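Make a model of the complete structure from these sequences and hints.
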Amino acid sequence: MLVVTAIAILMMRHLFAVVMLSSVFSLLCALLFVTLDAVDVAFTEAAVGAGISTVLLLGTMALTARNEKMPRNFSPVPLLVVLVTGGVLIYGTLDMPDFGSATSPAQSHLATQYLTQSPHDIGIPNVVTAILASYRGYDTLGETVVVFTACVGVLILIGGLARRRRKDEGGAN
Amino acid sequence: MTSEFILGHLNYWLFIVLMMIGFYIVVARGNYIKKIVGLNVFQVSVFMFYISIGKVEGGTAPIFPLDMNIDPDVVYSNPLPHVLILTAIVVGIATTSLGLALIVRIREEFGTIEEDEILEIESKLQAKENSAEGPSMGGRA
Numbered sequence: 001m002l003v004v005t006a007i008a009i010l011m012m013r014h015l016f017a018v019v020m021l022s023s024v025f026s027l028l029c030a031l032l033f034v035t036l037d038a039v040d041v042a043f044t045e046a047a048v049g050a051g052i053s054t055v056l057l058l059g060t061m062a063l064t065a066r067n068e069k070m071p072r073n074f075s076p077v078p079l080l081v082v083l084v085t086g087g088v089l090i091y092g093t094l095d096m097p098d099f100g101s102a103t104s105p106a107q108s109h110l111a112t113q114y115l116t117q118s119p120h121d122i123g124i125p126n127v128v129t130a131i132l133a134s135y136r137g138y139d140t141l142g143e144t145v146v147v148f149t150a151c152v153g154v155l156i157l158i159g160g161l162a163r164r165r166r167k168d169e170g171g172a173n
Numbered sequence: 174m175t176s177e178f179i180l181g182h183l184n185y186w187l188f189i190v191l192m193m194i195g196f197y198i199v200v201a202r203g204n205y206i207k208k209i210v211g212l213n214v215f216q217v218s219v220f221m222f223y224i225s226i227g228k229v230e231g232g233t234a235p236i237f238p239l240d241m242n243i244d245p246d247v248v249y250s251n252p253l254p255h256v257l258i259l260t261a262i263v264v265g266i267a268t269t270s271l272g273l274a275l276i277v278r279i280r281e282e283f284g285t286i287e288e289d290e291i292l293e294i295e296s297k298l299q300a301k302e303n304s305a306e307g308p309s310m311g312g313r314a
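Keeping their order, the protein sequence lines are chains A and B.
If you use my numbering, the first sequence closes out at 173, no skipped numbers anywhere.
If you use my numbering, the second sequence closes out at 314, no skipped numbers anywhere.
These aren't lab readings, by the way, just hints derived from the structure by calculation.
Only a predicted model underlies this, so the values are computations on that prediction, with no experimental measurement involved.
Beta-carbon label-pair distances, calculated as ranges: (1) B/Pro245 to A/Val55: 39 to 49 Å; (2) B/Gln299 to A/Tyr91: 39 to 49 Å; (3) A/His120 to B/Ser176: 39 to 49 Å; (4) B/Ala305 to A/Gly51: 43 to 53 Å; (5) A/Arg13 to B/Gln299: 28 to 38 Å; (6) B/Asp246 to A/Thr149: 44 to 54 Å; (7) A/Ala47 to B/Val219: 16 to 26 Å.
Straight-line Cα separation of at most 30 Å, DSS-like style, residue types lysine-lysine; simulated pairs: (8) B/Lys297 to A/Lys69; (9) B/Lys208 to B/Lys297; (10) B/Lys301 to A/Lys167.
Rough simulated footprint, nothing fancy, chain B against chain A, three-plus residues with beta-carbon under 8 Å: (11) 6 to 17; (12) 85 to 92; (13) 107 to 114; (14) 121 to 130; (15) 144 to 157.
From the three backbone atoms N, C-alpha and C, an ideal C-beta is built for every residue, glycine too.
Here it is in structure tokens:
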């Protein structure tokens, strides 16, 4: 279903439909995250991916264009690059441990330690929160710095938009 | 290649297919909003890849009972990828919004958000500058 949605995003020319389909894609992802036991990630994806980013995309669409123009010529180069990259990545997964295996490298070192230690160290039921806010607090600090920088960037880029528009209209009169 | 091997790796292949669809949208489509959507698809498939690495067969979400009586028989999935991906989702929306702001500025400057048309306008501008200042700058204005 995810693949069908993604292909529909690729094929659609109408940007409104593309934006809505990307929202659908995010919701389907959130469902998948729930089945993969990542409930916190599912919450965030549903709120951020399906909610905020759809609103942002719609806002941008309202300020710019509604339809995508037909590409003038079809070039095989992107398709080739994508196929080669995909092939190499699939070749890389052949050495990966089986899905859900409890003895894979990802499961064996740090994760067990977090799961056994966090009830004593932090004492809150949700391990994800414990790691996010305490063991890896500096990561979260870095994340907020990134968000702050992005906010400043957005404000600088479109801050003067309304003012410039007014000036243009004033010049035209 | 046994059927067990294929079933154990099918999830990775699904995410790689999704990732490549996103990648193709980014490189092959000229509309900037569509490129951003493609980038989102790419990004989300990487997230799903990470989360699927953290899944343990028969496991449950890594949240203990409220009274903290932890049953040692219950298997919990790996919480570490969840934390990393939570951070990545938020950073992703930050970069997306920055990209969209850039698109709004590009539209204001060029009047279009199609890559072909912008390249055309750029080359016209360059040709004009070349003909105006070409001799003094060696034809490479």
